[in-house]
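Here the protein sequences line up with chains U and H, keeping their order. Under numbering that gives the first Met the number 0, the first residue of the first sequence carries the number 0, and numbering increases by one thereafter. Under numbering that gives the first Met the number 0, the first residue of the second sequence carries the number 0, and numbering increases by one thereafter.
Honestly, the hints are just simulated from the structure, not real lab data. A quick note: this is a predicted structure, and the numbers were derived from the prediction, not measured. We treat Cβ as the ideally placed atom computed from N, Cα and C, and that holds for glycine. Errors might be hidden in some of the hints.
[To be verified] Straight-line C-alpha distance at most 20 Å; calculated EDC-like pairs for lysine to aspartate or glutamate: (1) U:K99 - U:E126; (2) U:K99 - U:D57; (3) U:K183 - U:D153; (4) U:K183 - H:E23; (5) U:K99 - U:E111; (6) U:K183 - U:D78; (7) U:K33 - H:E16; (8) U:K33 - H:D76; (9) U:K99 - U:D167; (10) U:K99 - U:E131; (11) U:K99 - U:E38; (12) U:K33 - H:E25; (13) U:K183 - H:E20; (14) U:K33 - U:E115; (15) U:K183 - H:E16; (16) U:K183 - H:E25; (17) U:K33 - U:D78; (18) U:K183 - U:D167; (19) U:K183 - U:E131.
[Claimed, not checked] Chain U is nowhere near these chain H residues, computed Cβ spacing over 10 Å in every case: (20) V6; (21) G12; (22) E25; (23) P28; (24) R31; (25) A40; (26) G49; (27) A53; (28) E67; (29) A71.
[Unchecked claim] Pairwise CB distance ranges, derived in the manner of DEER restraints: (30) U:E82 - H:R39: 40 to 48 Å; (31) H:G49 - U:Q206: 41 to 49 Å; (32) H:S52 - U:S71: 21 to 29 Å; (33) U:S71 - H:R39: 24 to 32 Å; (34) U:E41 - H:E23: 48 to 56 Å; (35) U:R80 - H:R81: 42 to 50 Å; (36) U:A169 - H:D77: 32 to 40 Å; (37) H:G8 - U:R80: 44 to 52 Å; (38) U:A208 - H:D76: 26 to 34 Å; (39) H:E23 - U:E82: 53 to 61 Å.
What follows is the residue order along each chain.
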Amino acid sequence: MSAEGARAELRSDGLPAVTPSDAQLLERTARGDKSAFGEFVERHRGAVFRFARWCTADAADAEDVLQQTFVSAWRAAGDVRAEHGARPWLLSIARRAAAKARQRHDERRSRESSIEELGEAAGFGDERFTPERIAQATEQRTCIEAALTRLAADEREILVLRDVEGLDGAATAELLGISLAAQKSRLHRARLRWAAELRTCLDQEAQHAR
Amino acid sequence: MRGEREVAGLRCGQVLEQLSEYLEGELAPEVRGRIEAHVRACDHCARFGGVFSAAVGALRVVLRGSGEQADAHARLDDLLGRLER
Ligand SMILES: [Zn+2]
Chain U
0 MSAEGARAEL RSDGLPAVTP SDAQLLERTA RGDKSAFGEF VERHRGAVFR FARWCTADAA
60 DAEDVLQQTF VSAWRAAGDV RAEHGARPWL LSIARRAAAK ARQRHDERRS RESSIEELGE
120 AAGFGDERFT PERIAQATEQ RTCIEAALTR LAADEREILV LRDVEGLDGA ATAELLGISL
180 AAQKSRLHRA RLRWAAELRT CLDQEAQHAR
Chain H
0 MRGEREVAGL RCGQVLEQLS EYLEGELAPE VRGRIEAHVR ACDHCARFGG VFSAAVGALR
60 VVLRGSGEQA DAHARLDDLL GRLER
């Protein structure tokens, strides 16, 4: 990811052009350099919007979160330490804004189930739920996305952080303020729950097609 | 669980419980080895392991393409253009 510190690249005239790190861009932003901030926004806007969209599960809320995140980033640019990239910091701002947005809506709570129950719901022992069915679903996208919207907020959040934004377990645990063990368990349960919703959606589609 | 059995010293439920850590490469080699021995001998776990890993892959592929929404980004540009230090 380009967010990880400065990288040297060759320019057309053969001289090295250095891609500034997040920390460098934020330092220039803090001094009022709008073009540095523009480059910073360009680098992270896709990830912030994706995260906001799936955390809020609402397009208008997602846009509010996107705007609030970068306005906060502009204001706090001088106070942040981003030696390892600013992405986790931005996502934690977005996460707080998304939590506020969600308070306005009815929120689904995650239910407690055993791993065995989750596994059966996710298709353990079901011979009709196959990688080929999933490949078809990937082309259509509908069930993949619909299944995510049926999860509780904390489940959607961890799936996006780990599986979409690619944060590692330690960074995710820190961002969520939970232990590494709790993070592992939440991720696994969220994946199983999502797979169960995917399976339900695909079954319903198959019934309509008949 | 349907068809639950014990193979290579592990029950299917124990394999199921560690599937994400297995996929992420987070397990110690001996635990990993026991899971692989179970899955080689258990068609339920072999099948579900394949489905689960395909599902996680599908989630990644589909959602990574979901950060684009031109109008939201255009309105962000308008807003940021008006910011003053
Ligand atoms: Zn098994």
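**Study point:** Unmet hints by their number, sorted upward, for this structure
**Key:** Of the numbered hints given earlier, those the structure breaks are 1, 5, 6, 7, 9, 10, 11, 12, 14, 19, 21, 22, 26, 27, 28, 29, 31, 32, 33, 34, 35, 38, 39, listed in rising order.
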